[in-house]
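Go ahead and model the full structure; you've got the sequences and the hints to work with.
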Amino acid sequence: MNKKFEDKKPVVIKNYKEMPPMSMSLSTMRWNFTGSWRYLKPYHLQRVSPCHAACPGGQNVEGWIRLMDEGNYEKALRLLKEENPFPAITGRVCFHPCELKCSRAFFDSPVSINNLERFLADHALLDYKITKEEIADSTKKRVAIVGSGPAGLSCAYHLLRLGYEVEIFEAEKAAGGVLRLGIPEYRLPRDILDREIKVLTSSGVKIHLNKRVGKDISYDSLKDYFAVFIATGVHRSKKIGVPGEDAKGVMSGLEYLKKVNLKEEVETGKKVVVIGGGNTAMDSARVALRNGASVIILYRRSRAEMPAWGEEIEEALLEGAVLKELSIPKKILTKDGKVSGILVQKARLGKPDASGRRKPEPIEGSEYEIECDMILSAIGEEIDESSIPELKISKGNVSTEKDLSTSIKNFFAGGDIIDQPHTVIDAIGSGKKAAIAIDCRYRGLDYSEVIKEISIGDWGSVSMQLYREKFVFKTYRAPAVRVENQIVDPKSINTAYFMPSNRSTMEKLPLNERLSGFREVNKGLTHEQAIFDISRCFHCGRCTMCDNCYIFCPDNAISHKKDEFGYNIDYDYCKGCGICVTECPRNAMGMEKESKI
Amino acid sequence: MGNHSVSYGVMLSRVKVIAAYPITPQTQIVEELSELCASKKLDATFIKVESEHSALACVLGASLAGSRAFTATSSQGLALMHELIHWAGLGRYPIVLANVNRAMAPGWNIWSDQNDSLSQRDCGWIQLYCENNQEVLDNVIIGYRIAEKVLLPVMLVYDAFILSHTYEIVDVPDQTDVDRFLPLFNPEYKLDIEKPASFGGLTSPDHYYELRYNMQQAMEQAVDVYKEAQKEFNKIFGRDYPMIEEYRADDAQYLYITSGSLTSTARIVVDELREKGYRVGLLKIKVFRPMDKAELIRLLKGREKVFILDRNISVGVGGIFAQEIKAYLYGQKFMPEIYPFIIGLGGRDIPPSSIMEAFNYAVVENKKPEDILYIGLKK
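Protein sequences, first through last, are from chains A and B.
Take the first sequence: its letters are residues 1 to 597, numbered as in my numbering.
Take the second sequence: its letters are residues 1 to 379, numbered as in my numbering.
It cannot be assumed that every hint is accurate.
[Unchecked claim] Incomplete in silico selection of chain B near chain A, CB under 8 Å: (1) Phe-199; (2) Leu-202; (3) Glu-210; (4) Tyr-213; (5) Met-356; (6) Asn-360; (7) Val-364.
[Unchecked claim] Derived lysine to aspartate or glutamate pairs resembling EDC-like cross-links, with alpha carbons at most 16 Å apart: (8) B/Lys-333 - B/Glu-295; (9) A/Lys-41 - A/Asp-570; (10) A/Lys-17 - B/Asp-206; (11) A/Lys-239 - A/Asp-384; (12) A/Lys-17 - B/Glu-210; (13) A/Lys-14 - B/Glu-210; (14) A/Lys-452 - A/Glu-469; (15) A/Lys-248 - A/Asp-384; (16) A/Lys-9 - B/Asp-206; (17) A/Lys-402 - A/Asp-458; (18) A/Lys-14 - B/Glu-295.
Hints listed in this document are in silico derivations from the structure and should not be mistaken for laboratory results.
Note that the structure is a prediction, hence the values are computed from the model and not measured.
For every residue, glycine included, the Cβ atom is placed at its ideal position computed from N, Cα and C.
Below is the structure:
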């Protein structure tokens, strides 16, 4: 500003001759402290993006998308890996609850967060290593982890970075749990899986293969460890409960997938009937198709009630599986002890049952036979108590406290065996929470209090980054703006500032190339697509310095911070009109009552 | 037609920014100007807008940025501009606005009537009322010259259809002559990044009064500025538009006072009455704001009767010209009796016989004046 105007005194005009003809400024209005008129006070703040809050793994989605937007893919990947060690895996197999909550979903279509996660993991730091700097001072404590599925691996990763010696005991001959045994290669190529696991083993995580706890090693021998994390998963398929179930050619979908995935000897029938409507059923069907079978899927209710993800159902049908809805298996037909077909009864939908889905009601006299030589049952999995002796179980789940501790001292549990959704990202989240719980014990912290400090919103998302900064490294510095742990409501986005657009979709392997092998079906986003989808992010609740507040302020009371991100509000002049708050496209401003009133 | 006269006047004035919204009976002004811009005969920016309010806002912005700017409207459009009509006047923007006189609705009416422009009389605008299409063209050019001298906006006013849509021969002046008369617009006060200032901002009670006082001074000065401009215009172009034009008024006992196109009809009536031996004349009020008060008083002194014809009505008072003229004469000695007639509202036709009625009432029938007298009312 011109120096002569800095005295903040109004210009005095002594008579009409001194007055210019036009009504115009002869000086600044700095003398007029309009801030004294204010009843409401605007301020910049940081709220919680719905994607961040919705991730059971606690990923700072908005954060890493922003870093990608800035072109800093390495930093983006490192930020992502603060919470989730396996973006290349979850970028392929996650059911992405983040996208359901994405504010853009309420505008046009959600940002393709899951595809971007995969893109990032597939393009940045392919030789990713855990750095020495990110590993906390050694606690000199050993932790045993039972099970090398997503929960166990996640727990191992986080404990390693918190300064623990970690040993994993895996019953099978290869690490990965459900990622390797359950998920087919065309959804998750094995080199990807191996690469993500290698990040852990090359940093010192020991994985003991072929060690079934309870058989090869005893529970008691684990009690010497500082803590034990049990994440063995659920592997026992539920019985169909019809005559003929023991015939040759009847197999559980899980077992079938496991054999195929471990490249073990298994004979796939020519005509396969898959029973069930979940993801295991779809995986089984698609694997059988790839092994040369024709496939019929039987489901008791209608397609709308199927628990499998829509995309999986679509792909299975596209690849040639036939879905018979409202079909209840009544009896497995056999010939010489071998499956020869299945008797099916048709059903109609009745009233909703306890699960909220409409219950199938059998139609009398509607039975018919389907000829087949193999039946894969995939109507759900349950916990196998024999794999986790001594642990208290209630309602089919291992009983855990809030901090995931179990009935055995220093034993924690996570993944599918505890009461939570059976998804990869929930498993990863539970491994992370268990790592925090174990570390809290070591540091003498109250887990519940700690969780309050590191929760992102109130949907269960927890930040390992905050935990490490606040309680381990003690490097936490509050951001320059106020932080409110409140999830942004999509309605509060000022969508006038955004053009509707369609999210990118990945190219897929052509149908005629799919069934001849197990090549990955989804090809990932192109760079152009990724850049476009990054640009679609609203950055809910996070300032991007779009300058709307700065431009709209009628009092010029908002200015850029010097050499720093963000804005200053000059409350000497801010009248509290609230235009800045209204025009903030992303709800990164708030208003409060003026305290002086 | 009168509307084309305006467009050509604008072109000759080398206007740089035009923003207008079409409205009957003004539309051809906008059409012709857009064609002149498109064909590069006029080097100006033509801004399409969504309302009259925006049109005037654009023009004010352009003027403040240092461009000669123009807009045109009529009736409801002018009314919609009202907020910015004040802004233009009180902000001292030297623009020209052509307003085709059209009756205010409701009842919906597109015909000639002066109420639209006269209802804006207190906003600080110079108002020029035109009698024919030559006058319309010439007064666009004169308008800019006065506006830019005194920093007041000029409203150029003429009758719907009678002038706006009626063809007559008009002499289009040479550009070089016009350039001699009207130099390029180079305002002293404008938006200038070298001398940053804001315009129209908060003005405290300490200062507002002086701004208005200065404006009144400017309006008063406009009388002399108009006369000086008129004199030079006459010298270059040979046409004369006095602020108050006299027609056979020298020795007249009785005077008609008129404005706009009905003046021409009144001239015929005056001629007829003169032939009958009456000493009748006519004063045409060419400039309504500012009024040449001294001249008005001088011209009316010693006359017997004056018939003021108002094609407008300020409801509750009567004819607006009559009301103002009476006010100017208050306290003067040897003033005539004033007969205020309301005539031709909403475009009702004004034949010579209607104008004659005023004379018959006041002189032949020798009736007394009243606050409001009505001609042509269906009784």
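Okay, the hints, checked on the actual structure:
| no. | hint | result |
| --- | --- | --- |
| 1 | Phe-199 | 5 Å, holds |
| 2 | Leu-202 | 7 Å, holds |
| 3 | Glu-210 | 4 Å, holds |
| 4 | Tyr-213 | 5 Å, holds |
| 5 | Met-356 | 47 Å, violated |
| 6 | Asn-360 | 49 Å, violated |
| 7 | Val-364 | 52 Å, violated |
| 8 | B/Lys-333 - B/Glu-295 | 15 Å, holds |
| 9 | A/Lys-41 - A/Asp-570 | 11 Å, holds |
| 10 | A/Lys-17 - B/Asp-206 | 14 Å, holds |
| 11 | A/Lys-239 - A/Asp-384 | 13 Å, holds |
| 12 | A/Lys-17 - B/Glu-210 | 9 Å, holds |
| 13 | A/Lys-14 - B/Glu-210 | 10 Å, holds |
| 14 | A/Lys-452 - A/Glu-469 | 15 Å, holds |
| 15 | A/Lys-248 - A/Asp-384 | 23 Å, violated |
| 16 | A/Lys-9 - B/Asp-206 | 14 Å, holds |
| 17 | A/Lys-402 - A/Asp-458 | 15 Å, holds |
| 18 | A/Lys-14 - B/Glu-295 | 35 Å, violated |
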